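Participant: Here is how the chains run, residue by residue.
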Amino acid sequence: MIQNMEKKGLNLTLKIWRQENARSKGSFETYQVQDISPDCSFLEMLDQLNEKLVDKFEKPVCFDHDCREGICGMCSLYINGRPHGNDSGITTCQLHMRHFKDGETIWIEPWRSRAFPVIKDLVVDRTALDKIIQEGGYVSVNTGGTPDGNALPIRKENADLAMDAAACIGCGACVAACKNASAMLFVSAKVSQLALLPQGRVEARERVTRMVSKMDELGFGNCTNTRACEAECPKEIKISNIARMNREFFVARLQD
Amino acid sequence: MVKLDAKIPAGPLADKWAQYKATQKLVNPANKRKLDIIVVGTGLAGAAAAASFGELGFNVKIFCIQDSPRRAHSIAAQGGINAAKNYQNDGDSVYRLFYDTIKGGDYRAREANVYRLAEVSNNIIDQCVAQGVPFARDYGGLLDNRSFGGAQVSRTFYARGQTGQQLLLGAYSALSRQIRKGAVKMFNREEMMELVLIDGKARGIITRNIVTGAVQRHSAHAVVLATGGYGNVFFLSTNAMGSNGAAAMRCYKKGAFFGNPCYVQIHPTCIPVHGDYQSKLTLMSESLRNDGRIWVPKKLEDAEALRAGKLKPTQIPEEDRDYYLERRYPAFGNLVPRDVASRAAKERCDAGFGVNETGLAVYLDFADAIRRLGKDVIEARYGNLFQMYEKITDDNPYETPMMIYPAIHYSMGGLWVDYELQTTIPGLYAAGEANFSDHGANRLGASALMQGLADGYFVLPYTIQNYLSHEIQVPRFSTELKEFDDACKSVQERINKLMSIGGRCSVDHFQRQLGKVMWDKVGMARTKESLTEAIAEIQAIREEFWQNVRVTGERDEFNPELEKALRTAEHLELGELMARDALLREESCGGHFREEFQTPEGEALRQDADFMFVSCWEYRGADQEPELHKEPLNYESIKIAQRNYKE
Ligand SMILES: Cc1cc2nc3c(=O)[nH]c(=O)nc-3n(C[C@H](O)[C@H](O)[C@H](O)COP(=O)(O)OP(=O)(O)OC[C@H]3O[C@@H](n4cnc5c(N)ncnc54)[C@H](O)[C@@H]3O)c2cc1C
Ligand code: FES
Numbered sequence: 001m002i003q004n005m006e007k008k009g010l011n012l013t014l015k016i017w018r019q020e021n022a023r024s025k026g027s028f029e030t031y032q033v034q035d036i037s038p039d040c041s042f043l044e045m046l047d048q049l050n051e052k053l054v055d056k057f058e059k060p061v062c063f064d065h066d067c068r069e070g071i072c073g074m075c076s077l078y079i080n081g082r083p084h085g086n087d088s089g090i091t092t093c094q095l096h097m098r099h100f101k102d103g104e105t106i107w108i109e110p111w112r113s114r115a116f117p118v119i120k121d122l123v124v125d126r127t128a129l130d131k132i133i134q135e136g137g138y139v140s141v142n143t144g145g146t147p148d149g150n151a152l153p154i155r156k157e158n159a160d161l162a163m164d165a166a167a168c169i170g171c172g173a174c175v176a177a178c179k180n181a182s183a184m185l186f187v188s189a190k191v192s193q194l195a196l197l198p199q200g201r202v203e204a205r206e207r208v209t210r211m212v213s214k215m216d217e218l219g220f221g222n223c224t225n226t227r228a229c230e231a232e233c234p235k236e237i238k239i240s241n242i243a244r245m246n247r248e249f250f251v252a253r254l255q256d
Numbered sequence: 257m258v259k260l261d262a263k264i265p266a267g268p269l270a271d272k273w274a275q276y277k278a279t280q281k282l283v284n285p286a287n288k289r290k291l292d293i294i295v296v297g298t299g300l301a302g303a304a305a306a307a308s309f310g311e312l313g314f315n316v317k318i319f320c321i322q323d324s325p326r327r328a329h330s331i332a333a334q335g336g337i338n339a340a341k342n343y344q345n346d347g348d349s350v351y352r353l354f355y356d357t358i359k360g361g362d363y364r365a366r367e368a369n370v371y372r373l374a375e376v377s378n379n380i381i382d383q384c385v386a387q388g389v390p391f392a393r394d395y396g397g398l399l400d401n402r403s404f405g406g407a408q409v410s411r412t413f414y415a416r417g418q419t420g421q422q423l424l425l426g427a428y429s430a431l432s433r434q435i436r437k438g439a440v441k442m443f444n445r446e447e448m449m450e451l452v453l454i455d456g457k458a459r460g461i462i463t464r465n466i467v468t469g470a471v472q473r474h475s476a477h478a479v480v481l482a483t484g485g486y487g488n489v490f491f492l493s494t495n496a497m498g499s500n501g502a503a504a505m506r507c508y509k510k511g512a513f514f515g516n517p518c519y520v521q522i523h524p525t526c527i528p529v530h531g532d533y534q535s536k537l538t539l540m541s542e543s544l545r546n547d548g549r550i551w552v553p554k555k556l557e558d559a560e561a562l563r564a565g566k567l568k569p570t571q572i573p574e575e576d577r578d579y580y581l582e583r584r585y586p587a588f589g590n591l592v593p594r595d596v597a598s599r600a601a602k603e604r605c606d607a608g609f610g611v612n613e614t615g616l617a618v619y620l621d622f623a624d625a626i627r628r629l630g631k632d633v634i635e636a637r638y639g640n641l642f643q644m645y646e647k648i649t650d651d652n653p654y655e656t657p658m659m660i661y662p663a664i665h666y667s668m669g670g671l672w673v674d675y676e677l678q679t680t681i682p683g684l685y686a687a688g689e690a691n692f693s694d695h696g697a698n699r700l701g702a703s704a705l706m707q708g709l710a711d712g713y714f715v716l717p718y719t720i721q722n723y724l725s726h727e728i729q730v731p732r733f734s735t736e737l738k739e740f741d742d743a744c745k746s747v748q749e750r751i752n753k754l755m756s757i758g759g760r761c762s763v764d765h766f767q768r769q770l771g772k773v774m775w776d777k778v779g780m781a782r783t784k785e786s787l788t789e790a791i792a793e794i795q796a797i798r799e800e801f802w803q804n805v806r807v808t809g810e811r812d813e814f815n816p817e818l819e820k821a822l823r824t825a826e827h828l829e830l831g832e833l834m835a836r837d838a839l840l841r842e843e844s845c846g847g848h849f850r851e852e853f854q855t856p857e858g859e860a861l862r863q864d865a866d867f868m869f870v871s872c873w874e875y876r877g878a879d880q881e882p883e884l885h886k887e888p889l890n891y892e893s894i895k896i897a898q899r900n901y902k903e
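Residue numbers (the numbering used here), protein chains in the order written: chain Z, 1 to 256; chain W, 257 to 903.
None of these hints come from the bench; they were simulated from the model.
These figures come from a predicted structure and were not determined experimentally.
Treat the hints with care, as some may be off.
Unchecked claim - List time: in silico DSBU-like cross-link candidates among lysine-lysine, alpha-carbon distance up to 30 Å:
id, chain 1, residue 1, chain 2, residue 2
1, Z, Lys-52, W, Lys-647
2, W, Lys-441, Z, Lys-214
3, W, Lys-647, Z, Lys-15
4, W, Lys-745, Z, Lys-59
5, Z, Lys-15, Z, Lys-59
6, W, Lys-290, Z, Lys-56
7, W, Lys-259, Z, Lys-8
8, Z, Lys-131, W, Lys-290
9, W, Lys-647, Z, Lys-179
10, W, Lys-895, W, Lys-259
11, Z, Lys-52, W, Lys-738
12, Z, Lys-238, W, Lys-259
13, Z, Lys-131, W, Lys-437
14, W, Lys-441, W, Lys-272
15, Z, Lys-8, Z, Lys-56
16, W, Lys-288, Z, Lys-101
17, W, Lys-647, Z, Lys-101
18, Z, Lys-131, W, Lys-753
19, W, Lys-288, Z, Lys-131
20, Z, Lys-8, W, Lys-566
21, Z, Lys-56, W, Lys-753
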């Protein structure tokens, strides 16, 4: 709020993972930043560090980001041991510096998972998530010739539950949070959304079977119900989606 | 001089599109397999087009700069999408949506295109529902609607505050299905750097791989540009960090005319600027104006006390508040179109009534709505927006009014296209925000999503066939051709040049400088003087940039500084073009407000006799002034009037 502008700036020590490319070995480097406004966002704090590095002819720290308002799912930092940092229901770009204390040391790492190789510094390759969607995260309709939008009423409760699941931004925090690097929360969100809607029911069986087997093939781990994914999901996607997916999966197996 | 032909089909307005489709040329399935289409951009327009082309049987290559097609900036749209379904039985119709869009655009859009847009709007909703887009529904299970600025009916479909996300994920799912089938090949983190022409036709693109820096060649029979808008010329905007006008500029330099570059939209409800380090501005959805009331204090001394933090807004009694939109525009009240609401906020702040310590903010107050409907209802409607506001500002909008201020949001201008969405370069199409679009001088809320999806799903899949039907004999192009060599070389040279300057200032320094000139002089209120100054200042910044920019890192690696430098270089030219266009247009219309042209009450004053045209700029070389061409606008079905939101 307004008065915050006069708040004291923060001086911080940053321990940042630097890695030239996928093949090289990375390590933590230490940086200092001074007089950071508590009202600025975490990424704006990194912008200021980068501006300083460029000033010194050094390579700025690479990190993924785009919308900076918590919806594109691009930003992906592991901050002090937590995906998207120490606040719930937000992405890294929505984390504000008012959550840190003057003099604090902050550890910043990329997502760590076999399925997400590091590209550079804090940037990882998450195309594995796209590949899972390509296996069946859709309804097979072509453009045109679809029935009127109101032809098929949908219970509000189901539409709302489908929307809860569809809110997933595909950032991969669930994978980063999981000790097994499982993508179950991500996959179950899409499976649930479509299973809850009549349009998606038609292919529900094939969908869940194909998506789950692709997930296994791509090197994501198993779910052992630690619920770390749910706790760290910036969109607070519920673990009940995993239960729904498991049901769908077993029904599909039984009917095969 | 080139003659511009908009190729508007003959016949009555309501029959044009049906007539076009009935008589256009098609490509048979066997031939489709032999034809390649490049789509640049995976937003609503690009993803919808590529998926539909793939379904039809064409070979498609699609490109985006993010790590996944699902992250295109369309994902950020909050409020909703318009359609003329009339599910609410409140008097809506295709004609009314058409009429509202033309009027909202201040009579500067092309009638035939806008009518088609309104016509296909209903198909979009059906399509998205079939894809599993979880639109909001009422208790009877039917689709729900909300109202948006510039309309007196409720025609906006929405999925909570994440409509863009859900629509984009729908298009992305259709795209993913085609990728699996092998009909579409996806290139993520791959940025278009140049358009390749062969014998005057668009035949391919040169890209730079963002991960490796490799410069690569891709050929095709036609190219669709769906790269979004150029609001980031202003540095601070509601657009994503990577949104840019560079790809459109690169096509402009190859001969595609740029239409109405000066028309940009300033959105009235954004979180005010709060510091120098700020990297972007956050939009608060316009849907908030449904229930929020906008006000500033009536007394200057109250405004001063609020700025100094000595008074709280909740302490200002009702009779001392000026609900200036309700006062000035009784018929539309807080739901006037965006340009009107933005200017009215600026007017109050300029007059000294602004709040926030900068004086550049007004209140958006929900106290009345909470009293009337209860906190639960407001939370159900706007909960996520309120939460977002609180996360950013540390203020709770359930208890104290939000503070908002206008910010750059959308670009109505873009590559000029004809009725078929083809640019002045044969075989180059532009869709979505990247074209000069159907919104005239001002876009109505919830109409960009509609236009992007209309272009992608329902227009291009037809019109592109009309062109490709003549290309069936043309074999695939080799990327070893001289035209590709030359284009590749020019990209390499540009990159080498930027890497070799080694100057004193970062890329952001220049983009910020440009943004400041644009906001101060080519922003909400423009004058002949400010625009003339802006042109000179932008030229100076551009010169300085090419002497003194510092790009760290290497060319052949993941290098965000280089990416930004390449985009900023284009913005430095686009900014000048915008200022030129604004200078030429001696009238006020929609988002373009020239202080010299206003009514005594401060409303925009069009000069229809002289400016009822689309300005189309032709590039003529680096040190040449661009040449202006005009596409006259003829209104056959609509009676032109001064926009009036008072009665
Ligand atoms: C915060 C916000 C809220 C909005 N809310 C609404 C709303 O409620 N209703 C509404 O109707 N409209 C809204 N809009 C406007 C609307 O979202 C956009 O106009 C629309 O989504 C643009 O879609 P697009 O497909 O044209 O481009 P985008 O979605 O911007 O996609 C551009 C694509 O081009 C790619 N690209 C760009 N340059 C290159 C290059 N050189 N090479 C390769 N790829 C490139 C990008 O990677 C991306 O995939 C909103 C806009 C913003 C900013
Ligand atoms: S940058 Fe888009 S979610 Fe963070």
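Participant: Run every hint past the structure and note whether it holds.
Facilitator: How the hints compare with the structure:
1. Lys-52/Z <-> Lys-647/W: Answer holds: Lys-52/Z to Lys-647/W is near 27 Å, not above 30 Å.
2. Lys-441/W <-> Lys-214/Z: holds, 19 Å
3. Lys-647/W <-> Lys-15/Z: holds, 25 Å
4. Lys-745/W <-> Lys-59/Z: Holds: Lys-745/W and Lys-59/Z sit about 26 Å apart, inside 30 Å.
5. Lys-15/Z <-> Lys-59/Z: Answer holds: Lys-15/Z to Lys-59/Z is near 16 Å, not above 30 Å.
6. Lys-290/W <-> Lys-56/Z: violated, 53 Å
7. Lys-259/W <-> Lys-8/Z: violated, 62 Å
8. Lys-131/Z <-> Lys-290/W: holds, 26 Å
9. Lys-647/W <-> Lys-179/Z: Within the cut-off at roughly 29 Å; holds.
10. Lys-895/W <-> Lys-259/W: holds, 27 Å
11. Lys-52/Z <-> Lys-738/W: violated, 43 Å
12. Lys-238/Z <-> Lys-259/W: Given that 30 Å is the threshold and the Cα spacing comes to 59 Å, the pair is violated.
13. Lys-131/Z <-> Lys-437/W: Holds. Lys-131/Z to Lys-437/W sits at ~12 Å (cutoff 30 Å).
14. Lys-441/W <-> Lys-272/W: violated, 34 Å
15. Lys-8/Z <-> Lys-56/Z: holds, 26 Å
16. Lys-288/W <-> Lys-101/Z: violated, 61 Å
17. Lys-647/W <-> Lys-101/Z: It holds: about 17 Å lies between the C-alpha atoms, which stays within 30 Å.
18. Lys-131/Z <-> Lys-753/W: violated, 38 Å
19. Lys-288/W <-> Lys-131/Z: Judged against 30 Å, a Cα distance of about 26 Å means the pair holds.
20. Lys-8/Z <-> Lys-566/W: holds, 20 Å
21. Lys-56/Z <-> Lys-753/W: Roughly 21 Å separates the two Cα atoms, so the pair holds.
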